[in-house]
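Each chain, letter by letter, is given below.
There are 2 protein chains.
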Amino acid sequence: MLSKEVTEYLASHRGEHLEQLFELLRFPSVSSQSAHEADCLACAEHIAGHLRGLGFSAELRPWRKHPVLLARSTSGIAEKSAPTVLIYAHYDVQPPDPMGLWVSPPFDPTVRDEAIYARGASDDKGLLMSCINGCEAFIRTAGRLPMNVLFFVEGEEEMGSPDLEDFVTAAADDLKSDFALVMDLGFFAPAAPTILTGLRGLMYLELTLDGPSADLHSGQHGGAVVNPLNALAGMIAAMHDDAGRVTLGGFYDDVVEPGRVELDQWESLPFDESEYAKEVGVEPVGGERGKTVLQRRWSRPTLDCNGIVGGYQGEGAKTVLPASATAKISMRLVPNQRPDKVLWAFDEFVADNTPAGVRASVKVLSRSRPFVIQPDSPAVSAVKDALREAFGADTVLARAGGSVPVAELIQRVLKVDPVVTGFALPDDNIHSPNERFRLEQFHTGAVAAAAMLNNLAGAD
Amino acid sequence: MLSKEVTEYLASHRGEHLEQLFELLRFPSVSSQSAHEADCLACAEHIAGHLRGLGFSAELRPWRKHPVLLARSTSGIAEKSAPTVLIYAHYDVQPPDPMGLWVSPPFDPTVRDEAIYARGASDDKGLLMSCINGCEAFIRTAGRLPMNVLFFVEGEEEMGSPDLEDFVTAAADDLKSDFALVMDLGFFAPAAPTILTGLRGLMYLELTLDGPSADLHSGQHGGAVVNPLNALAGMIAAMHDDAGRVTLGGFYDDVVEPGRVELDQWESLPFDESEYAKEVGVEPVGGERGKTVLQRRWSRPTLDCNGIVGGYQGEGAKTVLPASATAKISMRLVPNQRPDKVLWAFDEFVADNTPAGVRASVKVLSRSRPFVIQPDSPAVSAVKDALREAFGADTVLARAGGSVPVAELIQRVLKVDPVVTGFALPDDNIHSPNERFRLEQFHTGAVAAAAMLNNLAGAD
Numbered sequence: 113m114l115s116k117e118v119t120e121y122l123a124s125h126r127g128e129h130l131e132q133l134f135e136l137l138r139f140p141s142v143s144s145q146s147a148h149e150a151d152c153l154a155c156a157e158h159i160a161g162h163l164r165g166l167g168f169s170a171e172l173r174p175w176r177k178h179p180v181l182l183a184r185s186t187s188g189i190a191e192k193s194a195p196t197v198l199i200y201a202h203y204d205v206q207p208p209d210p211m212g213l214w215v216s217p218p219f220d221p222t223v224r225d226e227a228i229y230a231r232g233a234s235d236d237k238g239l240l241m242s243c244i245n246g247c248e249a250f251i252r253t254a255g256r257l258p259m260n261v262l263f264f265v266e267g268e269e270e271m272g273s274p275d276l277e278d279f280v281t282a283a284a285d286d287l288k289s290d291f292a293l294v295m296d297l298g299f300f301a302p303a304a305p306t307i308l309t310g311l312r313g314l315m316y317l318e319l320t321l322d323g324p325s326a327d328l329h330s331g332q333h334g335g336a337v338v339n340p341l342n343a344l345a346g347m348i349a350a351m352h353d354d355a356g357r358v359t360l361g362g363f364y365d366d367v368v369e370p371g372r373v374e375l376d377q378w379e380s381l382p383f384d385e386s387e388y389a390k391e392v393g394v395e396p397v398g399g400e401r402g403k404t405v406l407q408r409r410w411s412r413p414t415l416d417c418n419g420i421v422g423g424y425q426g427e428g429a430k431t432v433l434p435a436s437a438t439a440k441i442s443m444r445l446v447p448n449q450r451p452d453k454v455l456w457a458f459d460e461f462v463a464d465n466t467p468a469g470v471r472a473s474v475k476v477l478s479r480s481r482p483f484v485i486q487p488d489s490p491a492v493s494a495v496k497d498a499l500r501e502a503f504g505a506d507t508v509l510a511r512a513g514g515s516v517p518v519a520e521l522i523q524r525v526l527k528v529d530p531v532v533t534g535f536a537l538p539d540d541n542i543h544s545p546n547e548r549f550r551l552e553q554f555h556t557g558a559v560a561a562a563a564m565l566n567n568l569a570g571a572d
Numbered sequence: 113m114l115s116k117e118v119t120e121y122l123a124s125h126r127g128e129h130l131e132q133l134f135e136l137l138r139f140p141s142v143s144s145q146s147a148h149e150a151d152c153l154a155c156a157e158h159i160a161g162h163l164r165g166l167g168f169s170a171e172l173r174p175w176r177k178h179p180v181l182l183a184r185s186t187s188g189i190a191e192k193s194a195p196t197v198l199i200y201a202h203y204d205v206q207p208p209d210p211m212g213l214w215v216s217p218p219f220d221p222t223v224r225d226e227a228i229y230a231r232g233a234s235d236d237k238g239l240l241m242s243c244i245n246g247c248e249a250f251i252r253t254a255g256r257l258p259m260n261v262l263f264f265v266e267g268e269e270e271m272g273s274p275d276l277e278d279f280v281t282a283a284a285d286d287l288k289s290d291f292a293l294v295m296d297l298g299f300f301a302p303a304a305p306t307i308l309t310g311l312r313g314l315m316y317l318e319l320t321l322d323g324p325s326a327d328l329h330s331g332q333h334g335g336a337v338v339n340p341l342n343a344l345a346g347m348i349a350a351m352h353d354d355a356g357r358v359t360l361g362g363f364y365d366d367v368v369e370p371g372r373v374e375l376d377q378w379e380s381l382p383f384d385e386s387e388y389a390k391e392v393g394v395e396p397v398g399g400e401r402g403k404t405v406l407q408r409r410w411s412r413p414t415l416d417c418n419g420i421v422g423g424y425q426g427e428g429a430k431t432v433l434p435a436s437a438t439a440k441i442s443m444r445l446v447p448n449q450r451p452d453k454v455l456w457a458f459d460e461f462v463a464d465n466t467p468a469g470v471r472a473s474v475k476v477l478s479r480s481r482p483f484v485i486q487p488d489s490p491a492v493s494a495v496k497d498a499l500r501e502a503f504g505a506d507t508v509l510a511r512a513g514g515s516v517p518v519a520e521l522i523q524r525v526l527k528v529d530p531v532v533t534g535f536a537l538p539d540d541n542i543h544s545p546n547e548r549f550r551l552e553q554f555h556t557g558a559v560a561a562a563a564m565l566n567n568l569a570g571a572d
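Taken in order, these protein sequences are the chains called E and Z.
Here the working numbering is used: the first residue of the first sequence is 113, the next is one more, and so on.
Here the working numbering is used: the first residue of the second sequence is 113, the next is one more, and so on.
Don't read these hints as lab results, they were simulated from the structure.
Hints may be right or wrong, so weigh each one.
It does not matter which identical chain is meant; a pair holds if it fits inside one copy or across any two.
[Claimed, not checked] No farther apart than 25 Å at their CA atoms in a straight line, the calculated lysine to any residue pairs in the SDA-like style are these:
no. : residue 1 : residue 2
1   : 475       : 209
2   : 177       : 472
3   : 177       : 381
4   : 475       : 349
5   : 390       : 473
6   : 177       : 153
7   : 116       : 350
8   : 177       : 505
9   : 403       : 471
10  : 116       : 369
11  : 288       : 115
12  : 403       : 391
13  : 453       : 465
14  : 403       : 325
15  : 403       : 552
16  : 390       : 325
17  : 527       : 506
18  : 475       : 425
19  : 475       : 357
20  : 390       : 472
21  : 527       : 471
22  : 116       : 385
23  : 527       : 427
24  : 527       : 505
25  : 288       : 128
26  : 403       : 388
Working from the sequences, and respecting the hints, build out all of it.
In structure tokens, the structure reads:
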């Protein structure tokens, strides 16, 4: 159990901690847009400075586009002989558009209805600050952390952590730890703290069809040349069959169904399909026939078009035949699909399905493998107890359909099964306009983070 | 034949006329974008002022979004008893994007390689100025025009002239004329002055699929809900069959093939398929099987997607399932297709092909009917002679695949068969980046315009 001093410290510093989170949320650290490169760097430097102020040794390691922050507790705030927990989070955020749908500006955080509204509030800056605040409570009350803490905070998660495997491999010695927490995502439902036993992998790519050498007038040339947008629509359409299955060759060959025990567990979760329909605003009739909604979200692979570039996207009419058209396409992968094999199948599909009159090219933006753990480790027990201590509720074991590439890398490269958990709620609008993080989740999250350190320090 | 005074006047005022065209090209009169509403108005006012300076009475008639300019020669510059020619042009332009491909800014006109580069240079401000300059030459040398001239200059042509039929109907008395010139488009080939005996009509609409109530995270929800972009791609793909034919019900029922005479004429035109392929930068293998390129461009209807809105169009990756997706779709119509019947077929198609999980809606942006004339009138002869006098070449009779809605309205509502001609060249990049107008076409165009007035004044 946490000391009274720690919990009281956190209770009495809520205003200060909220202001510190606001500061962090003001950095528009949109990693995928080059225009925000300096903002990402400034954001990482700000966090490093904050951690140094608490007694961590913090360094920014330059990486492909945005630096990785590594911050380690010094002997001033932890025993060298104590075990080490690696805490992963990310400081980058999704692009905020469509801008017009935000009630308040995405990088000007504000509190409404007991929630903090800002891009990155719950994904993932709020979670990071909860963890830092948990550390601060120990340092400011007991003078020491119960164990060594290594913050591993990356800035390319929302780009799909494109080269993180290289980083983790090269920095494996520095990242050595006894336990690992991946602090991203969150609760399966309100009052249902969650540990994620599985995540989907991701293959994100762009398929471009090049046609005429310039945009053409659709009246002068329509009917003569192949329209890359028409052709692209045809190819995207052909990627699914009538039963909602992806048609890439061998796409399902390596898919492993979850076991009976896990499926039964999912059946018992507080999930109601009509509630879900209300939440997303539409009947959940997508994906493969004959699978439940949770199966389709957690254990079945997908192929989605995330945007199409080409021609005219503005207001009104432009009679243009575009010179080229590009589809952003992402595939969510499940155990034991392999990104390289899926990419090979995609390339094959493109080679077989590109019509005459256009030339196709494929560019990979990111790829990550799916992740699963067996949830019976001492670390999982320690985190469950901490979540119960803070939130007063039992932890559910679930999967998530999203991808947090680092989890699988920590498992495969660092040989530590990470505990993937977080404090976001399902309706926090992550990746959408009006992203928010409940004040209560933010502050109680800090208590939970402190309790995790307390418990992991004694786990074996 | 034109007097020596007129031709010499035009030869000696090239610099001044070029500067006046530059002034006009500096107005970013993009009619389809609300942000440019004031620019459109300023552009129209500028032309009105210029025409008043020549002795025209000019007025702007407020219309749906952008005013129509009517300018009539006064008794000071023409005999009231002389016949009247209506000269149609438009002062609005296409949006300039994609901006990055322009060598020089679209609204900062510049001369390179004997051509004027700017959005609107050849479509349609250059043609309008050639005509005005032709008038100026008479006024400044003889003191009078050979006939009455009524300029009818609209500002919504690039929006598809959405409500022009209402305008022409309401203003029919004011638009009464003996002859009509529609000055848009241009030469079939360099040194091949052209009269267009047919134009395609246009149905431009937006098909929107609404799904979830907000953009969703593609990992959390992918596979559960129907992705509007995937669904839209499927619907667009289904609008053509494998032979390149449009699948809307009854789409081809009213299509009238051109007669043998016209088809033979097309065969004799200076058109080389491999030259055309070089011009557009791709093999012209689009459209329906078994039709020549010119048939597919001029006498066969099309359905093209001109842009898709929804999801993420920016740099890099965003793992978003869009709340909605919209396709801009244009159909080029040929005699005797009717826009209302085609729209009905489109609505039927949408009703039959919208998958569960999304709601479809259709919004019409513009519609116009196809146009054909019999090229044996005195007006056509007069214009042919004028083009030969100015350009020293015989006129070819061709059709164009584009749509100039006013032509059919002048024919049907005003009961005058307009002569549709112009001075643009096929590689002027209209509707594309780096639109240009050859200096020679601009200046010789003014001579041709003057000769047209001269000849039409004596035609009957």
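Hints, one by one, checked against the model:
{"no.": "1", "hint": "475 with 209", "verdict": "both (23 Å within a copy, 24 Å between copies)"}
{"no.": "2", "hint": "177 with 472", "verdict": "neither (27 Å within a copy, 41 Å between copies)"}
{"no.": "3", "hint": "177 with 381", "verdict": "neither (40 Å within a copy, 56 Å between copies)"}
{"no.": "4", "hint": "475 with 349", "verdict": "both (19 Å within a copy, 23 Å between copies)"}
{"no.": "5", "hint": "390 with 473", "verdict": "between (39 Å within a copy, 22 Å between copies)"}
{"no.": "6", "hint": "177 with 153", "verdict": "within (9 Å within a copy, 46 Å between copies)"}
{"no.": "7", "hint": "116 with 350", "verdict": "neither (61 Å within a copy, 66 Å between copies)"}
{"no.": "8", "hint": "177 with 505", "verdict": "neither (40 Å within a copy, 60 Å between copies)"}
{"no.": "9", "hint": "403 with 471", "verdict": "between (37 Å within a copy, 23 Å between copies)"}
{"no.": "10", "hint": "116 with 369", "verdict": "neither (46 Å within a copy, 89 Å between copies)"}
{"no.": "11", "hint": "288 with 115", "verdict": "neither (29 Å within a copy, 93 Å between copies)"}
{"no.": "12", "hint": "403 with 391", "verdict": "within (20 Å within a copy, 52 Å between copies)"}
{"no.": "13", "hint": "453 with 465", "verdict": "within (18 Å within a copy, 33 Å between copies)"}
{"no.": "14", "hint": "403 with 325", "verdict": "between (45 Å within a copy, 23 Å between copies)"}
{"no.": "15", "hint": "403 with 552", "verdict": "neither (35 Å within a copy, 68 Å between copies)"}
{"no.": "16", "hint": "390 with 325", "verdict": "between (46 Å within a copy, 9 Å between copies)"}
{"no.": "17", "hint": "527 with 506", "verdict": "neither (28 Å within a copy, 82 Å between copies)"}
{"no.": "18", "hint": "475 with 425", "verdict": "both (22 Å within a copy, 15 Å between copies)"}
{"no.": "19", "hint": "475 with 357", "verdict": "within (23 Å within a copy, 31 Å between copies)"}
{"no.": "20", "hint": "390 with 472", "verdict": "between (40 Å within a copy, 19 Å between copies)"}
{"no.": "21", "hint": "527 with 471", "verdict": "neither (43 Å within a copy, 48 Å between copies)"}
{"no.": "22", "hint": "116 with 385", "verdict": "neither (41 Å within a copy, 85 Å between copies)"}
{"no.": "23", "hint": "527 with 427", "verdict": "neither (52 Å within a copy, 34 Å between copies)"}
{"no.": "24", "hint": "527 with 505", "verdict": "neither (30 Å within a copy, 81 Å between copies)"}
{"no.": "25", "hint": "288 with 128", "verdict": "neither (33 Å within a copy, 77 Å between copies)"}
{"no.": "26", "hint": "403 with 388", "verdict": "within (16 Å within a copy, 52 Å between copies)"}
The earlier numbered hints that this structure contradicts are 2, 3, 7, 8, 10, 11, 15, 17, 21, 22, 23, 24, 25.
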